[in-house]
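Chemist: Residue numbers (the working numbering), protein chains in the order written: chain A, 1395 to 1740; chain B, 1395 to 1740; chain C, 1395 to 1740; chain D, 1395 to 1740.
Since the hints were derived computationally from the structure, they do not count as laboratory data.
All values derive from a computational prediction rather than experimental measurement.
Mixed in with the good hints there might be a few duds.
You can't tell identical chains apart in this list, so a pair holds if it fits in one copy or across any two.
[Stated by the list, open to error] Listed below are the simulated DSS-like cross-link pairs for lysine-lysine, each with C-alpha atoms no more than 25 angstroms apart in a straight line:
| # | residue 1 | residue 2 |
| --- | --- | --- |
| 1 | K1542 | K1512 |
| 2 | K1455 | K1400 |
| 3 | K1699 | K1400 |
| 4 | K1400 | K1483 |
| 5 | K1464 | K1609 |
| 6 | K1461 | K1509 |
| 7 | K1596 | K1488 |
| 8 | K1488 | K1512 |
| 9 | K1732 | K1512 |
| 10 | K1455 | K1421 |
| 11 | K1509 | K1488 |
| 12 | K1542 | K1461 |
| 13 | K1455 | K1609 |
| 14 | K1400 | K1421 |
| 15 | K1421 | K1699 |
| 16 | K1512 | K1461 |
| 17 | K1699 | K1455 |
| 18 | K1400 | K1609 |
| 19 | K1609 | K1596 |
Number of protein chains: 4
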Amino acid sequence: MIIVLKPEITPEEQAHLIQRIEEMGFKIHLSRGEHRTIVGVIGDEEALRSTALEAFSGVEKVVPILKPYKLASREFRHENTVIDVRGVKIGGPKLVVIAGPCSIESRESLLQVAKVVKDSGATMLRGGAFKPRTSPYSFQGLGEEGLKYLREASEIFDLPVVTEVMDPRQVPIVERYADVLQIGARNMQNYSLLSEVGRTRKPVFLKRGMSATVKDLLLSAEYVLSAGNRQVILCERGVKGFEDSVRNLLDLSAVPNLRGLTHLPIAVDPSHATGRVDLVAPLARAAVVVGADAIMLEVHTSPEKALSDGAQALRPEALRRLMREIAVLEQSMDVVRKIESEGAFA
Amino acid sequence: MIIVLKPEITPEEQAHLIQRIEEMGFKIHLSRGEHRTIVGVIGDEEALRSTALEAFSGVEKVVPILKPYKLASREFRHENTVIDVRGVKIGGPKLVVIAGPCSIESRESLLQVAKVVKDSGATMLRGGAFKPRTSPYSFQGLGEEGLKYLREASEIFDLPVVTEVMDPRQVPIVERYADVLQIGARNMQNYSLLSEVGRTRKPVFLKRGMSATVKDLLLSAEYVLSAGNRQVILCERGVKGFEDSVRNLLDLSAVPNLRGLTHLPIAVDPSHATGRVDLVAPLARAAVVVGADAIMLEVHTSPEKALSDGAQALRPEALRRLMREIAVLEQSMDVVRKIESEGAFA
Amino acid sequence: MIIVLKPEITPEEQAHLIQRIEEMGFKIHLSRGEHRTIVGVIGDEEALRSTALEAFSGVEKVVPILKPYKLASREFRHENTVIDVRGVKIGGPKLVVIAGPCSIESRESLLQVAKVVKDSGATMLRGGAFKPRTSPYSFQGLGEEGLKYLREASEIFDLPVVTEVMDPRQVPIVERYADVLQIGARNMQNYSLLSEVGRTRKPVFLKRGMSATVKDLLLSAEYVLSAGNRQVILCERGVKGFEDSVRNLLDLSAVPNLRGLTHLPIAVDPSHATGRVDLVAPLARAAVVVGADAIMLEVHTSPEKALSDGAQALRPEALRRLMREIAVLEQSMDVVRKIESEGAFA
Amino acid sequence: MIIVLKPEITPEEQAHLIQRIEEMGFKIHLSRGEHRTIVGVIGDEEALRSTALEAFSGVEKVVPILKPYKLASREFRHENTVIDVRGVKIGGPKLVVIAGPCSIESRESLLQVAKVVKDSGATMLRGGAFKPRTSPYSFQGLGEEGLKYLREASEIFDLPVVTEVMDPRQVPIVERYADVLQIGARNMQNYSLLSEVGRTRKPVFLKRGMSATVKDLLLSAEYVLSAGNRQVILCERGVKGFEDSVRNLLDLSAVPNLRGLTHLPIAVDPSHATGRVDLVAPLARAAVVVGADAIMLEVHTSPEKALSDGAQALRPEALRRLMREIAVLEQSMDVVRKIESEGAFA
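All chains should be built: construct the whole structure from the sequences, respecting the hints.
Modeler: Right, here's the structure in full:
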């Protein structure tokens, strides 16, 4: 940690600051420049982080040097983490496509969509039984009944399933039926929930909050990891922006940005990001070539009857077309990775 | 609800759309302009909201006419709601100042701060026992032990207390010790938690999420209200922005904006908004004259030793000065309100 | 245009509003719902736009129906505009790559980079002679001298050149040397400059402002188009966001979003968007498959000696690798477009 | 400047970096911590700023220590700058209220409004003759004719006038008629224009850009100051945000934030920030007590007939009420300043 002192700091203020830091067991390294004096603090930065060094008189700014997350960082683990979900490997060389309806609406409609998903070539099924809805008057999901339908669809079509859990008290139930536990964007900083899914042994699909930085997302992953669950998939799904013609702003730079910082697999959800079906296919394609490990898509057999988010759901024929496009781009990405690796050894 | 049709919509598409809306029990009112045809839909807009009208071919955009919240709206209740917290009235003619430490760190330090708060003239005490921290390695609060100290401080100094609840399972414990249940910004869309505090009879202090619009905040209040708890205090505490010299952007326009839309009391927290103690007093003053019902402030007897958010905590003497400034401005606001009321009858 | 009336509007207020609109030559279409009365206004919406209908008592909100731009809209011109820059066609079936240094620093260094650009297979050269720099103390560009070097490099390597113009008074000079006139993000709403380049016959490369919506960008294009210059290339280059590990947030959804709204060609600049060289290649690839017509890249032979924006400049070998990747993805896009066109006829 | 090295930097990379910095004439101060090595660079930071130190292999991050602006900084000039505009002092102990129409629409309407402004007690008149409008089809202002009316109104009512200049070529004309030259938010980074007004001797009223940080604003001021004009008034007028019920987000924290960083006077424009007349008075009051030196307000005698921005214009009686409120709050601020000064000497 580096502390920049104000030019007008008094000798007493400076002595007081240094004394306090040394009392906490840190070593000090003073460096006097032309305009500012800088204090390098040597020791466990974490211990210092919660101390309000900015609250000392004479301190101009405090610059942390280390990253505040550990288990999630690439320094902690150099190779990419691959998560095996009943044979589907997320984070490995093959892109995983997760598709399904926003909400589970009925047994029939779910089985219909699951068949479409399976036939299209996607390898995981999504569907919400507990829905976080902005309005208390909107459809809130079928609850455990929905989870049963999801399990049934999973068995019939041999598709591992991912579904959202919203409440620490629901974790045992959702864990019973789901293969992957999803934490929604609105709950990315629901730390009780993160700790609770951290105590399970099911992989966690963690969506980035709408106003979370990449660092915030990794700190939320750290909650799960530090509770003992090392299987976390990060998901970019759009952040809050000022553009009023899309719901959120899909931050595709987050994929290569995260790739450098973490060993965890990275997914992209273009459906929730934009809320507009006409933008889903182009952005799904972009997610493939920007290097995502998984893509999550919403599909509905008749979007205009959907109980939630119909405006962003792909129709079956659109999903089939998109899956063919993704297959073509995946092949290109094999070539791209070869070209990139030449650079790495150059 | 109004539906704007694309100019290229076919007669079949238009007939299909209209048929579907009429099947759902709505009346249709067609209006053909020079460039666009517009469909007015008459009936309970709420029922239509979850239908993906944008998913119909030929629909250009859908414009809702009514507000999506009811119980929180000023149309539902015209007079301001006044919430009585053990004699302290929030939403009435007198501004309420809530002050205290970010976290409860020990019995002694809490009692010290509580005395400072009481002596300064503030009328409620704040302090966190369960702390939502971005990093799992930061101090997470003293838990129930902290709540006991808070209760004790409340009794000794006759100050009602507000404290955060982060988990639906903690609601019964927190309810036992606290006078007001705070929902933090990160949990504003934690709907399980909102419903749970909605089932208590304790007032709820609901902080605006960092990327929540004013409408989102009112919809979150609606969760609490519709669960049966009619005592909700809304709190502006800064939204996410691009300015990198402050933590968040305090949106003071939200106060008069909300005032027009809702009957619920409105508070402002300038400490968390900025994260900088030098900005707290000016923004607290601004909150008074923009018309807030309550102001929440962080105080610490030695900010540089605080276990959380020390950089934004007022020292005791700064709190005392600010309370004197607030008193002066409150008197001015009596005159301002008189002048404004001339306008209302003009 | 649709006007939603407040429920408490008085008959006098309503009559006054309607009378005023009718006086302006518009027809009125009243539609009374259960909760709100809606006024449809029929006639030239543009004429009404500048009238402050919200300023009338009793008006709750005003909803425009038509888009505020015309010449830029796909309704005005259905087929894509293809712009021919000395034989390089932007907006046609082939992706155009524009590469070069941020600033022109010397004759030698420019010729060096131009050779790298040519050899890599890119087909246009960029380079700034007039630089808009945040600080008045930063290198401001070589001015006309730089333009001469640019022209020379253009002739030697047979590469059309694009360069920024910042001031209406510079337009004649820049026009003399450049093939395409670039308007930078900071000048996207510099209307004098837009009108001035609109009077030239050189294509205009218009960068989206950092806080401009897609609609704002099209309105700025409309300034150029309505001044008589029909050759405008729109460029997404990142918008302002809260993420602090990248300079701006590249909004790739803008490409398909704009594609639906306008016939103008669309470019993407991943270098300025992120400010980080490690993110440029992945986002350039994403730009190809999201459907961009052109990509603008910064290249430098020794980025650590660059006088501006070195941190985002590709080294020559990185450009060569990226050009090979782009070539692979372009081939895939031919297949993708075929698949998409099946959908369009389905 | 501080450079943090990556843990995996090679000795050769480190030697290369240090050699290059020393070649540029800087001294180096190495500091080895447990996890990172840090390079302190001693010398003129400005010279180093444009070098892309991040482009060196092995560099993790670069942390500037000094502020990039000089003449605008409080370190350069400790006492507040007071600007005298024909006897009206901006930046002194008395708050200045600048009021007038958004655009000058006709001689008659301007004289009417000017009379209202004068009678209300405001001391400066605003009004636009050259209008930056998002759409090329909106009213663009009366040009020089408008400036003549403005000058006439100024003389008749003895009110100094401020008006916008949008184009470097207009500076001589606008300078002839106006007392203060306004740079609009859209032109805050129009550096040609900033340099041009920097060469005049008229005070400059510089509005903060919609996506400009406080530091960006000060760097734009630096353009004017370094061109020789030391009379710059900074104006907060709302920044881009995601809230869709107001036009922009008024950042009142910018006032005390700027106060600490600069000696220049600070103004607030609550009319443009919100675009809603119902929010103007509360935010104008907030601006007074947050410590603004000046407030800019839009007034119109019949807002529903305004040719621009009618929705945010105060009616004459509302301006008169607000001026009375401001007077009351100014008196309170005298007391507040006394209380604050006790703190400064404590």
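Chemist: With reference to the structure, classify each hint as holding or not holding.
Modeler: For each hint, the structure was consulted:
For the homomeric pair K1542 and K1512, the shortest alpha-carbon distance inside one copy (18 angstroms) is at most 25 angstroms, but the shortest distance between copies (55 angstroms) is not. In this assembly of identical chains, K1455 and K1400 lie within 25 angstroms of each other by CA distance both inside one copy and across copies; the values are 8 angstroms within and 22 angstroms between. With identical chains, the CA atoms of K1699 and K1400 are at most 25 angstroms apart between copies only, with a shortest distance of 20 angstroms across copies and 63 angstroms within one. In this assembly of identical chains, K1400 and K1483 lie within 25 angstroms of each other by CA distance neither inside one copy nor across copies; the values are 53 angstroms within and 32 angstroms between.
Taking CA atoms no more than 25 angstroms apart as the test, K1464 paired with K1609 passes inside one copy only; the shortest distance there is 11 angstroms, against 32 angstroms between copies. For the homomeric pair K1461 and K1509, neither the shortest alpha-carbon distance inside one copy (44 angstroms) nor that between copies (39 angstroms) is at most 25 angstroms. For a Cα distance limit of 25 angstroms, the shortest separation of K1596 from K1488 inside one copy, 21 angstroms, qualifies, whereas the shortest one across copies, 46 angstroms, does not. Proximity of K1488 to K1512 under the C-alpha cut-off of 25 angstroms is restricted to the intra-copy arrangement: shortest distance 17 angstroms within a copy versus 35 angstroms between copies.
For a Cα distance limit of 25 angstroms, the shortest separation of K1732 from K1512 across copies, 23 angstroms, qualifies, whereas the shortest one inside one copy, 30 angstroms, does not. Taking the shortest Cα distances, K1455 and K1421 sit within 25 angstroms of each other both inside one copy (19 angstroms) and across copies (22 angstroms). When the C-alpha separation of K1509 and K1488 is checked against a cutoff of 25 angstroms, the pair qualifies only within one copy, where the shortest distance is 22 angstroms, while the shortest distance between copies is 38 angstroms. Proximity of K1542 and K1461 under a CA criterion of 25 angstroms is satisfied in neither setting, with 42 angstroms inside one chain copy and 35 angstroms between copies.
Taking identical chains as interchangeable, the C-alpha atoms of K1455 and K1609 lie at most 25 angstroms apart whether they share a chain (20 angstroms) or sit on different chains (15 angstroms). In this homomeric assembly, K1400 and K1421 come within 25 angstroms of each other (Cα to Cα) both inside a single copy, at 21 angstroms, and across copies, at 21 angstroms. When the C-alpha separation of K1421 and K1699 is checked against a cutoff of 25 angstroms, the pair qualifies only between copies, where the shortest distance is 19 angstroms, while the shortest distance within a copy is 65 angstroms. Taking CA atoms no more than 25 angstroms apart as the test, K1512 paired with K1461 passes in neither setting, with 41 angstroms inside one copy and 40 angstroms between copies.
When the C-alpha separation of K1699 and K1455 is checked against a cutoff of 25 angstroms, the pair qualifies only between copies, where the shortest distance is 17 angstroms, while the shortest distance within a copy is 55 angstroms. In this homomeric assembly, K1400 and K1609 come within 25 angstroms of each other (Cα to Cα) only across copies, at 18 angstroms, whereas the closest approach inside a single copy is 28 angstroms. Proximity of K1609 to K1596 under the C-alpha cut-off of 25 angstroms is restricted to the intra-copy arrangement: shortest distance 23 angstroms within a copy versus 36 angstroms between copies.
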